[in-house]
Amino acid sequence: MSMKFLYDTKLMFIRNLQHTFRTPVFIFVSMFQPLMYLLLFMPLLNGLGAVPGIPAGKAVDEFIPGLLVLEALFGTAFVGFSLIDDIRSGVIERFLVTPVARSSILLGRVLRDAVILLLQCILITLVAIPFGLDVNAAGFLLSLLLYALVGITMASVSYGFALIFKIEDALAPTLNTITLPVSLLSGIILPLALAPVWLQDLSKINPFSYAVDATRDLFAGNFTNLGVIEGFVIIGVMAVLVFLWSLRSLKKMAA
Amino acid sequence: MSDELVIETKGLRKTFVSKERGGKKNGKKEVEAVKSIDLIVRKGQIFGFLGPNGAGKSTTQKMLSTLLCPTSGEAKVLGYDLASKQEQIRQNVGCVSQAGGADQGSTGTENLVLQAQLYGVDAATAKKDAAEFTERFQMTSFIARTASTYSGGQKRRLDIALGMIHHPQLLLLDEPTTGLDPQSRAYLWGEIKKLKAEGVTIFLTTQYMDEADKLCDLIAIIDNGKIVVTGTPEELKSRVGGDTIVFSFQSEETARKAQTLLTETVQAEKNQTINNSVHLTIKDGERKIADLLRSLDAKSLEALTVTLSRPSLDDVFLKYTGRSLREDLIK
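Here the protein sequences come in this chain order: B and U.
Per our numbering: the first sequence = residues -3 to 251.
Per our numbering: the second sequence = residues 0 to 330.
Calculated directly from the structure, the hints in this document are not laboratory data.
Hints are supplied without guarantee of correctness; some may be wrong.
[To be verified] A partial selection of chain B residues facing chain U, derived with a Cβ cut-off under 7 Å:
| hint | residue |
| --- | --- |
| 1 | Leu7 |
| 2 | Arg11 |
| 3 | Arg18 |
| 4 | Ser85 |
| 5 | Gly86 |
| 6 | Val87 |
| 7 | Glu89 |
| 8 | Arg90 |
| 9 | Leu92 |
| 10 | Val93 |
| 11 | Thr94 |
| 12 | Val96 |
| 13 | Ala97 |
| 14 | Ala250 |
[What the hints assert, rightly or not] Residues of chain U clear of chain B, computed beta-carbon distances all greater than 10 Å:
| hint | residue |
| --- | --- |
| 15 | Cys94 |
| 16 | Ala123 |
| 17 | Met138 |
| 18 | Pro181 |
| 19 | Lys193 |
| 20 | Asp209 |
| 21 | Thr264 |
Ideal Cβ placement from N, Cα and C applies to all residues, glycine included.
Can you make the complete structure from the sequences, with help from the hints?
And the structure:
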């Protein structure tokens, strides 16, 4: 990695972070959904008693890791809109005619998105502690890395489609079409242990379900489970692939 | 002035694939935005690319700035091959697109500092450069505000400062004054001339005849993706024909007498009397006007008014494309 690439990425990262902090209220807006689940839905799980996938009385320990994956998916899914803004106002073209590393333009954005996401994950976890959340500290820190990778994946999807469509009208329904099934098939709201076999099979081809399984293990302190390694490998590879795909879309703008 | 070539293109061509809707078949159609452009721009020139909307001006400019890959043809910018030396071209060329591209949510200073850093300088140098250009383009009074609050003229000044922040040898300007009020236009023309005086070569696109006329050393008229004619503004206008001189008199009778006298004095391409006025079309009207007035004086034929009008670039456009540029602007 060259010095120039690191310098360019730092510049782009700071530029995007400044943009986010200009209207900090939006950092909290996307936390509203998971907080509502925490306050208004989790009590239902507690009331269920012991069901497959939820040990009696410990619903919160199962629920929070998945809820943070939900935040990672939905919190970053719509970042593409800001990119459309920048395309329309000519900012991206202005960057592209400078010698700035092409990958830095996107990497600076997804790293910003990951940092904001981690801030949100930490806040949600802190709110969950009074609800009886019992979390292994080292496991939580490792989970943050996995959430960051999920966020980078989803943000890259969002940027990739933004670069292809270049209009908001097409971007919003596309992103909704992706986020809804992948979140339902992750066993976030209710455990997939309750699901019929075909639904369980379907969830196995959903990469994000591995992130949910892995972070549940990590929260519980089960570091050596195969699921943890699976989660990191699958999400890590996917983050890289999707990022490269969105980078290709950026380079195609100059074709 | 050196004869160094700053831009050199041969058969530069760009096609886009566009989807067709309606009609019997839905299919893809190749649109030739730029057909075959041969250009030579020398160091220190202001080169004007004049044409209506959709003529291929911006597409050509985007190819020269490495933003679009040519479909075929070759080009050298500042001696660097466009296909293989994009990094060097980006480092040494400044580019201001039609949209401008300033970050509307950031202040002018933040925009300038980041832009300088993107060209590889450290933060301290970037701040110094930003301050230099703030003063240079007289932006001190508004540079600390967010760009979204700027007037059209202020925005344009910031855009051009962003394009110049790394002291490029070549500046590409895409319709720099479109949509600006007359004062801001005049200010920018002054700034562009100053850049030229400092040795910067400028390639600008415009759809304004007066802009090309006042600013450019050399003009290429582009229409439908092709250059139809190239020359200095004077050359182009002289190819259209002579100047028109109109003398007005007290009466039609005097005008008729004057017409006879005037056509004896000079060789006119066209001459006619309309009401009380004599209209002459002659080459080098500026030089001959004195002779004409003297000969009228000698016969005591007193002209009430005399006007000289030179052929405009609009006439040039009409001659080479068969259409008036204004018609295109209205469409």
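| task | Using Cβ atoms only, decide whether Thr94 of chain B comes closer than 7 Å to chain U, and label the hint accordingly. | result | Holds, about 4 Å.
| Satisfaction of the Arg90 of chain B interface hint, Cβ to chain U closer than 7 Å | holds, 3 Å
| said: Min Cβ distance, Ala250 of chain B to chain U: is it shorter than 7 Å? | reply: holds, 5 Å
| query | Does the CB of Leu7 of chain B sit less than 7 Å away from some CB of chain U? | reply | holds, 5 Å
| field | Given hint Val93 of chain B near chain U, where the shortest CB pair must fall under 7 Å | value | holds, 4 Å
| Can we trust that Lys193 of chain U is non-interface, i.e. its beta-carbon lies farther than 10 Å from all of chain B? | holds, 23 Å
| request: Check the non-interface label on Pro181 of chain U: least C-beta distance to chain B beyond 10 Å or not. | output: The claim holds: Pro181 of chain U sits with its nearest Cβ about 24 Å from chain B, beyond 10 Å.
| task | Hold the hint about Gly86 of chain B up to the distance rule: shortest CB distance to chain U must be less than 7 Å. | result | holds, 3 Å
| field | Proposed interface contact between Val96 of chain B and chain U, which counts if any beta carbon pair is under 7 Å | value | holds, 5 Å
| request: Would you check whether Arg11 of chain B satisfies its interface hint, that is, whether its CB is within less than 7 Å of any CB in chain U? | output: holds, 6 Å
| message | Quick check on the hint: Glu89 of chain B CB to chain U CB, less than 7 Å? | response | Hint on Glu89 of chain B: holds, closest Cβ of chain U at ~5 Å, below 7 Å.
| field | Val87 of chain B as chain U interface residue, shortest Cβ-Cβ below 7 Å | value | holds, 5 Å
Consistency note: the structure conflicts with the earlier hints numbered 13 and 15.
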